[in-house]
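*Asks:* Each chain is listed here by its residues.
Number of protein chains: 2
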Amino acid sequence: MHPVRSNRVYLALIHHPVYNKTGDVIASAVSNLDLHDISRAAKTYGVEAFYVVTPLSDQQELVRRIISHWTDGAGGKYNPDRKAALELVSIVASLDAVVDDIAGNGQDKPVTVITDARPHRRNISYGKLSEMLSSDRPFLLLFGTAWGLTQEFIEAADYVLAPIMGPTDYNHLSVRSATAIVLDRLFGTDKI
Amino acid sequence: MHPVRSNRVYLALIHHPVYNKTGDVIASAVSNLDLHDISRAAKTYGVEAFYVVTPLSDQQELVRRIISHWTDGAGGKYNPDRKAALELVSIVASLDAVVDDIAGNGQDKPVTVITDARPHRRNISYGKLSEMLSSDRPFLLLFGTAWGLTQEFIEAADYVLAPIMGPTDYNHLSVRSATAIVLDRLFGTDKI
Numbered sequence: 001m002h003p004v005r006s007n008r009v010y011l012a013l014i015h016h017p018v019y020n021k022t023g024d025v026i027a028s029a030v031s032n033l034d035l036h037d038i039s040r041a042a043k044t045y046g047v048e049a050f051y052v053v054t055p056l057s058d059q060q061e062l063v064r065r066i067i068s069h070w071t072d073g074a075g076g077k078y079n080p081d082r083k084a085a086l087e088l089v090s091i092v093a094s095l096d097a098v099v100d101d102i103a104g105n106g107q108d109k110p111v112t113v114i115t116d117a118r119p120h121r122r123n124i125s126y127g128k129l130s131e132m133l134s135s136d137r138p139f140l141l142l143f144g145t146a147w148g149l150t151q152e153f154i155e156a157a158d159y160v161l162a163p164i165m166g167p168t169d170y171n172h173l174s175v176r177s178a179t180a181i182v183l184d185r186l187f188g189t190d191k192i
Numbered sequence: 001m002h003p004v005r006s007n008r009v010y011l012a013l014i015h016h017p018v019y020n021k022t023g024d025v026i027a028s029a030v031s032n033l034d035l036h037d038i039s040r041a042a043k044t045y046g047v048e049a050f051y052v053v054t055p056l057s058d059q060q061e062l063v064r065r066i067i068s069h070w071t072d073g074a075g076g077k078y079n080p081d082r083k084a085a086l087e088l089v090s091i092v093a094s095l096d097a098v099v100d101d102i103a104g105n106g107q108d109k110p111v112t113v114i115t116d117a118r119p120h121r122r123n124i125s126y127g128k129l130s131e132m133l134s135s136d137r138p139f140l141l142l143f144g145t146a147w148g149l150t151q152e153f154i155e156a157a158d159y160v161l162a163p164i165m166g167p168t169d170y171n172h173l174s175v176r177s178a179t180a181i182v183l184d185r186l187f188g189t190d191k192i
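Residue numbers (the numbering used here), protein chains in the order written: chain W, 1 to 192; chain H, 1 to 192.
To be clear, the hints were calculated from the coordinates, so they are not data collected in a lab. Don't take every hint at face value.
Straight line, CA to CA, 27 Å or less: simulated DSS-like cross-link-like pairs of lysine-lysine [to be verified]:
1. H:Lys109 to H:Lys128
2. W:Lys77 to H:Lys21
3. H:Lys21 to W:Lys83
4. W:Lys128 to W:Lys109
5. H:Lys77 to W:Lys21
6. H:Lys83 to W:Lys21
7. W:Lys128 to H:Lys128
The task is simple: from the sequences and hints, build the whole structure.
*Replies:* In structure tokens form, the structure reads like this:
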């Protein structure tokens, strides 16, 4: 269904810079459910690492405590599958830190790809991105929280994926759902 | 990408009968996040109604209160998109009640389709289900909570969809992610 992937794919959930409901640029709060749902989807679809990006040190500490419960603490004994997923999570302060971490493994800098619910003049299709994924460079998929990534942040990315649409005009998916769908469109299989 | 749908598609999230971690049959607790994420995905992909199925009256009452906040209360004014999604939710006690409700609208009884993370000898592919969806009968997609629907419940369904898989052996998606992916595989588009 998809070409065999020779490169590495990474995922980052961005909590700053994003818009709030009224269009101000904020740092959003990290959601516990985002960590669980997105790490489980990342593990399912063979993502190398899931970066939780927030500049707020108290939020970084909260995420570390949650992850630690499931990877080192009682949670990991209770549910090893959850441990395997949450071990993918890294907490960092900025997109630059994500790029440095990936490139620090001796790889090229990753190609950055944004997914956003709003249409964008640079939108590319999932088919186009699937073709590009057969290159040797690592790819970093970027997802925003709250009311979405800022225009400046989107402009700075290498590529912008087309919004996920169904047969309606409604496209207010949660970032948890959007992440799962994007990974499935790129790497899902239908074996029976 | 997909055939134009002439029929109606419904979705139900089943809280009983499901397994717990040790294989006992239980009624699981309703999750607030399931209501939000799954109703938003249902709205995006043109689902007619999203049934939350639980025999527990206190859980039914809890769901009614949450829904009411967003459809009649302050939540709806704050976020009309959320209101539009949660208006799809109906709370019922059993699968029979779901089927009666759908057939009560003067339609045929729905074709029931299970999605489960475990392989099943009756698994059909997404392509096969897509073809069947061009029939005139309504379709009801059934999703389980906790550690999955009971074998008896699965056997009683008309069809069982193949498990969602990525390129790994890990398939522990949340039901929120699984619902979004199934709807996207059946009804998603890639317009740019």
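*Asks:* Tell me, which hint numbers fail for this structure?
*Replies:* Result: no hint breaks.
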